[in-house]
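The sequence shown begins at 1 in full-length UniProt numbering and counts up by one.
Hints are computed from structural coordinates only; laboratory data are not their basis. The beta carbon of each residue, even a glycine, is placed where N, CA and C say it ideally should be. There are no misleading hints in this set.
Below, computed lysine to aspartate or glutamate pairings styled on EDC-like, alpha-carbon distance capped at 20 angstroms:
(1) 134 / 171
(2) 66 / 171
(3) 169 / 229
(4) 64 / 171
(5) 227 / 171
(6) 233 / 171
FRET-style restraints, in silico, Cβ to Cβ:
(7) 202 / 233: 32 to 42 angstroms
(8) 70 / 217: 15 to 25 angstroms
(9) 112 / 230: 16 to 26 angstroms
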Amino acid sequence: MDILEFILLGILVGALTGITGSSGVVAVVPALSIINRYDVATAIGTSLFIDIVTSSIVFIVYLKNKNVNTSIMLPFAIGSIIGSQAGVRIAVSIPSFILKDVFGSFLLLMGVYSVLRRKKNVTSKNSILGGKCKFLLAFSISIIISLATGLMGASGGIMYLIAMLFIFKEDVRVAVGTATALMIISASSGATGYFFYGRIDLIAGIVIGVTSLISGYFFAKLGNKIKRETVNKVLIVMFFTIGIIQIAY
1 MDILEFILLG ILVGALTGIT GSSGVVAVVP ALSIINRYDV ATAIGTSLFI DIVTSSIVFI
61 VYLKNKNVNT SIMLPFAIGS IIGSQAGVRI AVSIPSFILK DVFGSFLLLM GVYSVLRRKK
121 NVTSKNSILG GKCKFLLAFS ISIIISLATG LMGASGGIMY LIAMLFIFKE DVRVAVGTAT
181 ALMIISASSG ATGYFFYGRI DLIAGIVIGV TSLISGYFFA KLGNKIKRET VNKVLIVMFF
241 TIGIIQIAY
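The whole structure should be built from the sequences, with the hints applied where relevant.
Here's what the structure looks like:
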């Protein structure tokens with residue numbers, strides 16, 4: 001990839017994160033591993049580095065619009081640091097073709113689940129979980145999510161978003177904002193691990209990251225205004241499209 005392609009990819013990453021709260025991994029890993037022939041571990045490490053930059057500005061926008069549930073972030077944060085480091089250690093020892101298929105299959109499953117949820121017309125109301133139960137559940141879920149994060153480089157954005165929507169029943173905008181906040185913590189932990197293994201392309205990460213930072217700011221403002229149903233449709237299309245591409249190639 002040349003610099004122009006990195007810039008275009010950065011715009012796409014900012015759009016995905018700003019509107020859906022998902023990690024840029026759904027664009028970065030396929031683009032780097034399929035088009036530019038990076039090994040998947042390096043593509044994942046670079047994606048996590050980019051997520052740190054992109055998620056920061058998106059989080060600020062959602063926080064200013066009061067679309068972040070800060071009360072639930074602590075248990076998720078603790079679990080994400082522990083799990084992501086374990087995931088990195090596993091990922092660097094797994095063949096790229098296995099990581100590629102696992103990641104693609106995961107996205108397809110999330111697409112199916114999102115369609116089923118939409119048909120059932122589930123509303124996002126407050127969770128019935130109590131304080132202690134919510135803390136323990138959030139911590140446990142975060143361990144699992146961040147373990148997968150270290151393996152697939154998603155920095156947890158998609159998975160945290162799913163947890164916020166389907167388990168804790170948050171409004172879709174609050175779910176996006178909170179998932180983005182947790183992405184920063186998870187991505188920072190995971191990227192640190194990949195950096196020590198030499199699996200981050202800093203040039204690609206900086207160019208894509210800075211571009212996505214600018215793009216993410218404007219798309220996050222848009223994401224706070226568009227209809228919930230539109231956000232849900234974007235998520236479904238994204239899951240299926242990238243999942244199929246990742247497995248096919």
